[in-house]
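Chain by chain, the residues run as shown.
There are 4 protein chains.
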Amino acid sequence: MKVVADLCIVPMGVGPSVSPYVREIKAIIDASPLNAEMHANGTNIEGELSDVCRLIEQCEARLAELGVARVFYTMAFSSRRDKEQTMADKLKAVS
Amino acid sequence: MKVVADLCIVPMGVGPSVSPYVREIKAIIDASPLNAEMHANGTNIEGELSDVCRLIEQCEARLAELGVARVFYTMAFSSRRDKEQTMADKLKAVS
Amino acid sequence: MKVVADLCIVPMGVGPSVSPYVREIKAIIDASPLNAEMHANGTNIEGELSDVCRLIEQCEARLAELGVARVFYTMAFSSRRDKEQTMADKLKAVS
Amino acid sequence: MKVVADLCIVPMGVGPSVSPYVREIKAIIDASPLNAEMHANGTNIEGELSDVCRLIEQCEARLAELGVARVFYTMAFSSRRDKEQTMADKLKAVS
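Chains as they are written, first to last, in the working numbering: chain H, 3 to 97; chain A, 3 to 97; chain Y, 3 to 97; chain Z, 3 to 97.
Extracted from the complex, chain H is given alone in its bound form (with noise of 0.2 Å):
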């Protein structure tokens, strides 16, 4: 299932700067294959579901190494039958 999702990733648990960590996990999602752009508030992610889902383990684990123990993440996305959509013409169809 392809998907466009907006991921967010918050790690807990380790005071409220948190950048040093959204660092590790933009440098994981820029080295993967998957189209990704990043906003002020998360990354959308272009890419089938379940590869979205192994990336989110890779960043959980270099989380991990870090010692965050705890991580909270959001992830909102859309499925379409009638057409395949990029995230580059959802922006288009609407500006």
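Check the hints yourself; a few may be wrong.
Because identical chains share one entry, a pair is satisfied inside a single copy or across any pair of copies.
[As the list claims (entries may be wrong)] Here are the simulated DSS-like cross-link-like pairs (lysine-lysine), alpha carbons at most 25 Å apart as the crow flies:
{"#": "1", "residue 1": "Lys-92", "residue 2": "Lys-4"}
{"#": "2", "residue 1": "Lys-4", "residue 2": "Lys-85"}
{"#": "3", "residue 1": "Lys-28", "residue 2": "Lys-4"}
{"#": "4", "residue 1": "Lys-92", "residue 2": "Lys-28"}
{"#": "5", "residue 1": "Lys-85", "residue 2": "Lys-28"}
{"#": "6", "residue 1": "Lys-94", "residue 2": "Lys-4"}
These are computed hints drawn from the structure, not numbers from a lab.
Position chains A, Y and Z relative to chain H; hints supplied.
Chains A, Y and Z only, in chain H's frame:
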């Protein structure tokens, strides 16, 4: 990665009332081996993230059979390394 | 605008276990006049969107008193014009 | 309470393509005094939580005029007391 996911599946484009579709989704979730509990805005599901994703794909396939071309999903979950925690544990810890 | 909101409040930076904070949040929600029901990943709250927002601000203020400098929130809700629907109505429609 | 909210508004019951409705929502958000930036899955909006809620109600009212009887919304945001942080600050901190 074990999670307790709060999953919300929103059939789009089929009128304001979506309860017939939600009943179909509920039947699929009930038939799965994953522990799940419905609430007024979604369903909490306990299991491996990959299994939860497979369940989402099953729900999408059933909705497609029923003519739903587009589906919106939200999922919030957390992972933790310091201890295992079930849905029941989570509720007990705060009451 | 009347909503049934699924609200999740995540205290950040205070260790992996947040149940003492969630208990405080629960007490504030229970004391409010809004109809609410907790589940394993959050709380469903019925009311005017502006009242739900005020309740969120009360929770944030209490968490700040307890030393929580940063809080993450997710809220999912729907509005409808075709009919009024309570939490109980929503659950009844799909069971 | 100042927030940077990731808001997603999903018109329900009006077919799988919702871009005409999203364009109307975009026009309302653009016309508001709040700082906002659209991405592929939603819009980040900077401002007081109560102002963001009022903006949501304006969007819902416009969608109702256009015949959308039911709307689904997700909103993720964080609040912090240790420092002020804009959308631009958030992105800069992690790049």
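Hint-by-hint comparison with the structure:
| no. | hint | verdict |
| --- | --- | --- |
| 1 | Lys-92 to Lys-4 | within (14 Å within a copy, 29 Å between copies) |
| 2 | Lys-4 to Lys-85 | within (11 Å within a copy, 33 Å between copies) |
| 3 | Lys-28 to Lys-4 | both (21 Å within a copy, 23 Å between copies) |
| 4 | Lys-92 to Lys-28 | both (22 Å within a copy, 13 Å between copies) |
| 5 | Lys-85 to Lys-28 | between (29 Å within a copy, 23 Å between copies) |
| 6 | Lys-94 to Lys-4 | within (19 Å within a copy, 30 Å between copies) |
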